[in-house]
Amino acid sequence: MPARTSWIPYALIAPSVAFLGALFLVPLVQTIWLSFATADGLTLANYERMTGDLNFSLAVRNTFLLTLVVVPIQVALALAMATMVSKLEKGRDLALWILTIPLGISDLAAGLAWLALLQNTGYLNSALYALGLISGPVGWLSQETPWSLFAAIVLAEIWRATAIVLVILIAGLQLIPKEFAEAAEIFGAKPWTRFRKITLPLLKPSLQSALILRTVLAFEVFAVVYALGGRNFPVLAGEAYTWQNENQNYGVAAAYAVLIMGISLAATAVYLRVLKTRPEQLP
Amino acid sequence: MTVSASELREPAPSRGLTLPSARRLLLWTGLAVLLAWVLVPIYFVALGAFGGRLGVFRWPKSIWPTDLSLAPMLQFLAIEGVFNALINSLIAAGSTVLLSVALGAPAGYALARYTFPGQNVYRLLVLLTRAFPLAILALPLTVSFIRMGLYDTPFGVSLIHTVLALPFAVLVTQSLFMGIPREYEEAAWVFGCTRFQAFLKVVLPLALPGLAATAIFAFVISWNEVFAASILTVRERTLTAYLLKILSESPLHYRFAGGFILILPSVLFIFAIRKYLFAVWGIASK
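The listed protein sequences derive, respectively, from chains A and B. Using UniProt numbering, read the first sequence as starting at 1 and increasing by one per residue. Using UniProt numbering, read the second sequence as starting at 1 and increasing by one per residue.
The hints are simulated quantities; they were obtained by calculation from the structure and are not laboratory data. Note that the structure is predicted; figures quoted are calculated from it, not measured. Just to be clear, a hint being listed does not mean it is correct.
To be verified - When the alpha-carbon atoms are kept at most 25 Å apart in a straight line, the in silico SDA-like pairs for lysine to any residue are as follows: (1) A:K87 <-> A:A183; (2) A:K87 <-> B:L25; (3) A:K90 <-> B:F278; (4) A:K178 <-> A:L275; (5) B:K245 <-> A:P146; (6) B:K245 <-> B:I261; (7) B:K201 <-> B:Y114; (8) A:K276 <-> A:L200; (9) A:K190 <-> B:R23; (10) B:K245 <-> B:F50; (11) A:K190 <-> B:F50; (12) A:K197 <-> A:P15; (13) B:K245 <-> A:E144; (14) A:K197 <-> A:L217; (15) A:K90 <-> B:V267; (16) B:K245 <-> A:K178; (17) A:K178 <-> A:L200; (18) B:K201 <-> A:Y10; (19) B:K245 <-> A:D40; (20) B:K275 <-> A:D93; (21) A:K90 <-> B:A36; (22) A:K87 <-> B:F50; (23) B:K201 <-> A:P15; (24) A:K87 <-> A:F64; (25) A:K190 <-> B:S21; (26) A:K197 <-> A:Q208.
As the list claims (entries may be wrong) - From the structure, some residues in chain B lie toward chain A, with a derived Cβ separation under 7 Å: (27) W59; (28) P60; (29) P106; (30) I146; (31) V220; (32) N224; (33) L264.
Beta carbons are placed, not taken as given, at the ideal position from N, Cα and C, and that holds for glycine.
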């Protein structure tokens with residue numbers, strides 16, 4: 001690049017740096033500070049109040065459980081979708097459009113869509129009734145049925161957020177040269193072998209970013225859960241919302257935010273380490 | 001990447017049109033199931049939105065549309081606060097679009113056209129934002145927004161949404177400008193254009209479709225966001241914040257109507273930018 005270092009690029013990035021500084025870095029520091037700040041100076045009181053809360057251990061358990069169940073299924077499903085779509089000769093664009101529609105759908109709307117299916121007089125119960133499996137409306141989303149509520153949230157999350165993984169993986173698949181698979185085919189590698197030995201290793205960078213993004217978002221899960229189960233299924237972000245908006249206790253809300261941030265960063269670090277790619281392995 | 005001897009067999013039949021019919025059947029069945037999986041919940045929430053109060057409690061339900069009308073939707077829009085929330089959502093999303101393109105595109109251009117000390121630090125800052133639960137970090141902004149008069153305004157909400165959309169705007173516009181040969185610009189300079197004129201007359205027209213895709217993406221991000229919008233507004237709620245607030249007390253058919261309104265623009269927008277979708281994420285996931 002012939003361009004000399006000049007003031008121009010700095011002037012061009014300056015507004016966005018200032019903006020991210022003011023609305024990302026400052027709130028980041030403020031959140032951490034707020035979580036320690038109490039009437040008697042900086043203490044752990046907010047964290048003690050958070051961990052002492054009845055919903056805390058439930059929220060931690062639920063959030064982790066959701067993430068551990070949802071994220072692997074999403075990756076597997078997205079891989080299956082990507083493979084199927086790549087085999088299509090006709091209608092590829094249409095299939096891709098439909099499969100990526102949920103990408104644009106809010107988590108709240110996704111929760112409401114599944115509520116239409118799963119509510120007491122909804123379509124699932126109607127179908128079960130028609131099959132003679134139940135004799136009348138059955139509740140799936142109440143406090144008394146925690147496991148079917150959990151299953152409903154898992155379904156809605158998979159429905160909504162698999163599209164993000166799909167798009168990242170397809171973008172990654174497009175970077176893999178066709179010659180690799182063709183060469184392996186000439187040597188007689190079966191499709192499954194080609195997938196395992198060529199596609200998957202070369203897809204590692206995309207898998208990594210998909211996993212990081214999805215895991216960070218999974219720990220923020222909130223509106224889907226509220227739309228389907230209200231307060232019956234506590235999750236971390238939901239507790240942060242409740243402490244902030246209803247209890248007006250900003251300190252404990254900030255403690256939840258710092259906890260979610262800590263988990264997200266830890267997950268990111270794990271993915272970066274486990275799925276490390278050496279530059280020479282890149283396609 | 002070695003293929004072990006046991007896996008060496010006679011060459012597999014070539015793919016494509018000669019795919020064995022059993023496998024083709026499996027492929028189409030699987031695909032049909034997946035497409036239905038995506039579309040069916042949208043269809044049902046639409047039935048719920050246009051079926052009204054009676055439709056929601058009809059038992060057992062038919063999966064075919066019966067007694068649909070626009071009336072339930074119009075009723076929903078006439079509820080006090082709904083229309084206002086819709087307008088607020090549009091204002092917030094519109095401001096997010098303007099802010100993220102105005103802030104992101106120059107930075108994307110700088111990354112595409114210049115090498116300068118510190119550009120890696122900048123890129124890191126932009127990528128770093130994605131390892132953080134951004135919406136949740138908006139919690140302390142309640143206080144500073146109250147002080148600055150931004151609390152409970154759609155514009156205040158759009159500031160947070162811009163933080164979410166800006167990293168995409170930067171990375172996507174970077175790839176966009178990289179795809180436009182710098183020679184075009186240099187030719188314009190030779191003919192006496194200033195840098196700014198050359199950008200305006202040569203680069204911008206070529207970049208416009210990609211910029212539009214970036215803008216739409218920013219719109220969708222803002223339109224859908226729930227957490228930050230809910231904690232930063234009280235009376236001037238956005239649609240998502242409003243729906244979350246009334247979730248526990250409103251009848252089901254209103255919730256479905258709200259859900260449907262939320263879904264509708266997203267479906268159209270994803271259709272509009274489907275060509276750019278993979279470019280957006282291919283770049284943004286590097």
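Unsatisfied constraints (hint numbers, rising): Failing hints, ascending: 11, 12, 14, 16, 19, 22, 24, 30, 33.
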